[in-house]
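Trainee: Residue numbers (the numbering used here), protein chains in the order written: chain A, 1 to 358; chain B, 359 to 531; chain C, 532 to 935.
These are calculated hints, taken from the structure and not from any lab test.
Be careful, since some hints might not be right.
[To be verified] Distance ranges between label pairs, derived from CB positions:
hint, chain 1, residue 1, chain 2, residue 2, range
1, B, L508, C, L753, 27 to 33 Å
2, B, I365, A, H194, 51 to 57 Å
3, C, L691, B, M517, 38 to 44 Å
4, B, M517, C, N552, 32 to 38 Å
5, A, V350, C, R751, 52 to 58 Å
[Unchecked claim] Pairs of lysine to any residue residues, derived as SDA-like cross-links and limited to a Cα-Cα distance of at most 20 Å, are as follows:
hint, chain 1, residue 1, chain 2, residue 2
6, A, K150, B, I432
7, C, K591, C, D606
8, C, K591, C, K577
9, B, K492, A, K11
10, A, K208, A, M179
11, A, K150, B, V431
12, A, K150, B, L427
13, A, K11, B, I365
14, C, K821, C, A722
15, A, K11, B, F392
16, C, K678, A, E33
17, A, K77, B, H403
18, B, K492, A, T183
19, B, K488, A, I122
Here a beta-carbon is modelled for each residue, glycine too, at the ideal position from N, C-alpha and C.
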Amino acid sequence: MSIDTFLILEKIILVVIIIAASMGVAAYSTWAERKVAAVMQDRIGPLRAGPFGLLQPLADGGKLFFKEEIVPDNSTKWLFMLAPAMFIFTSLMTSAIIPWGPDFVINGSEGARTVALQVADINIGILYVFGVVSIGVYGIMLGGWASNNKFSLLSAIRAASQAISYELALGLSLIALLMLTGTLSLRTIVEQQHGFWDGNYFTWNFFKQPLGFVIFLVCSFAELNRAPFDMPESESELNMGYHLEYSSMKLGMFLFAEYINMFISSAVLATLFFGGYNFPWMDQVQAAVPSGIFSLICVGVLMAKVVGFILFFMFVRWTLPRFRFDQLLNLGWTKLIPLALFNMLVTGAVILFFFNKK
Amino acid sequence: MSLHDIIFWILSLWAIVCAIFVVISRNPVNSVLFLIATFFAISGHYILMNAQFLAIVNIIVYAGAIMVLFLFVIMLMNLNTDTEPQKSRLVHFAALISAGSLLLVVLSAFRKAELTQIPVTDAGDIGLIKVLGKTLFDHYVLPFELSSVLFLAAMVGAMVIGRKEVVEEKSTK
Amino acid sequence: MVEKHIQLAENSVEKETTTINLGPTHPATHGIFQNIMEIDGERVIKTEMTVGYIHRAFEKIAERRPYSQITPLTDRLNYCSAPINNFGWHMTIEKLVGLEVPKRVDYLRVIIMELARIADHLVCNSVIGVDTGALTPFTYVFQWREKIYEIYEGICGSRLTTNIGRIGGFERNFPDDTWKKIHDFMDGFPAVLKEFETLLTRNRIFMDRCIGAGAISAERALNWSMTGPNLRATGVDYDVRVHSPYSSYNEFDFKIPVGSAGDVYDRYLVRNGEMWESYRIIQQALDKLKGMDSSIFHADAPEFYLPEKADVYTKMEALIYHFKIVMGETDLPPGEVYHSVEGGNGELGYYLVSDGGRTPYRLHFRRPCFIYYQAFNEMVAGGLFSDAVVTLSSINVIAGELDA
């Protein structure tokens, strides 16, 4: 068995591009967040660094790099260092299985070669997302505990219980979707949502699973720790919670990872429910342009959807107040989980009685 | 030595070293973290055996949920070397004897074992989700359902035991 | 059992509760004061309030200051609505010397005081929003608080600590552009307040956060001698403006909004209702001013009211009064007087004992915040930590008024 060097090269390039893109999107999400907040609050927002304040993320990053590193005396030092790294690591991991675009063909000297715009097409795709999400809470927990600060500890507890509670509803809401698709592979799921209208009905899963989408969306807010579910951070109660004691780039990594998380979960949302890179009349477009260009267009479409979701996350954050902790758990356990179970039952019944293929 | 062999040895070494550290760490939080690392190594082994579903479930359930709760408890109890209870010599002695006998048992078991080929990857797809699902809901449907009932009972039991009695002091407010 | 745990040492393994410091530099304490909270998980068992972080001994300082120089001290009480404090102090002196001020001055004062009340309530209510995580309404209304500050600025030259007015009236007549600003404010404000209410009042999350949080019964509130919006939220319709009217408040037609549950949500609603009523009062005051001689802006009380500079140079009497007032040589009649105004936060009282000298013999401020803060433990004990934070911002404890 020989190792396909070309494949490894291809994957490495893809990984580097995806990570760079995640970082770039995350950086500009901070800028967009400020601009969105400013627009919603009748303010101007960042303006001084570059045109429209576009260099603001660089300025922020530079500032964070040059800040003094403060490690609290009574902290558990190595965990204190490890936590932000773990947080950003897990937030980047999910990007591996998202299909960013359709395959395209390169005609090289050794013949045609199909390049997949997905790092790994594993047959347990969605479960992988769950796996990464479920270990994502370690960064917060360890950071909160290692800081040796009561506010941070409180925040770590909130984060952990929130993550565990909402993972359940998240998983249950997807089971209904999996019943429809019959596969766990994200690639197959995207391919099933080809185009927009298949002659009888919309192909995008959003139109088949609206309730599942809503539950998934609410749960992703909770998993992202974003307002109105930003209990672990809640600056007015816990002074930013688990990253209270962090400074310099370690703080930057925490903040950055949150934006990467937002980017990735927007991509997952778009992939699972909004057709991924598919768009209406894509067949006609595909016929008209070369394969490489078509792939680029598809990537652009996916990115447009992702940006839409990111903006939605931001609008919600700057509109709604925050839940109280017990209300948040109540919502998760007594509303979303039964709702997801109900959705599952209804989906199962519909498939059984109307679409029984056997 | 193929790539799979290399990965196998790396994972095995990782698992064993981490497992040893689980035992010898003085700080319980470190122990838990090493245990999590061990789970990851084991998941890697599952993937080598083409049991991706088992691998990811292992991570979701053990590393993602159970160990989070473990860590939770240990963090809140704030155990460290200072609070570790000093055990008597007798306990040390008993531990030594039992560990030694365990070692003997393991050794005698391994003595019979033949050193065959390392399990070849890509062989067999029992770990894949479709096959696993068919097997579970075909051959083993009764044990499967029974165990789910058992889990439900355990869950209810935990609720009943863990529920805090509502004290009447609330009514004073 | 709980008490036993509180007695245990901080690092004891047996201890089930945590001691946590809400303040003095915690973002939820809008000002410098401390709460030492004993929490069990997220539940507050008890909290111990610490006051005195910015105690400046105003009452003692006032004993060595001539009357006109005490006004700046009152600025620093509830600095969110400083003009009310200033006028309250001036009215106290006027009550002591029996000085009648012209009706126009009364109405001008009413306009400024009600603007100040609006500014105060805007801060408080929008900060409840901030503490529940809704930052946007805050910026909407702060723009309009800014406009109120510009109105102050046109009249007295300063914005936050206004030191506005004099004993007997105002230092100068309102300039034309200030009148324009007032009318602009009156034109634009209802839409903004309506928008603010749209964002918060019927917001499900906001309601869930606020209803039932930090509740106190009317009886307990009265026992704590609470006043102002916090008392009215419990259902008691006590308002100084109605029950002992000052500054011609009896000529105005307005309602006292009251709540029923005494929780954060009712306090929020009462404050919002009061802003609408304040708006109506200002409208009425503007109407009343229409037919009046617009040159009157102070009482004819030469011994208290600083004469014009031109007169000081040309007239003997003006020179003498100018000297006496500036040097603080004006004696007040001996006597004992209590005057209270409905401040932004409740009944702001001034208890003044004069021995006939140039300074007060004793001056005591009845500061509503000081009283509310004592009841804080009772409001939050048994609730959640998040409730405590919201409660703290809803009772609107202003550090300056808390510590005097």
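Trainee: Taking the earlier hints as the rules, which of them does this structure contradict?
Mentor: Of the numbered hints given earlier, those the structure breaks are 1, 2, 3, 8, 9, 14, 15, 16 and 17, listed in rising order.
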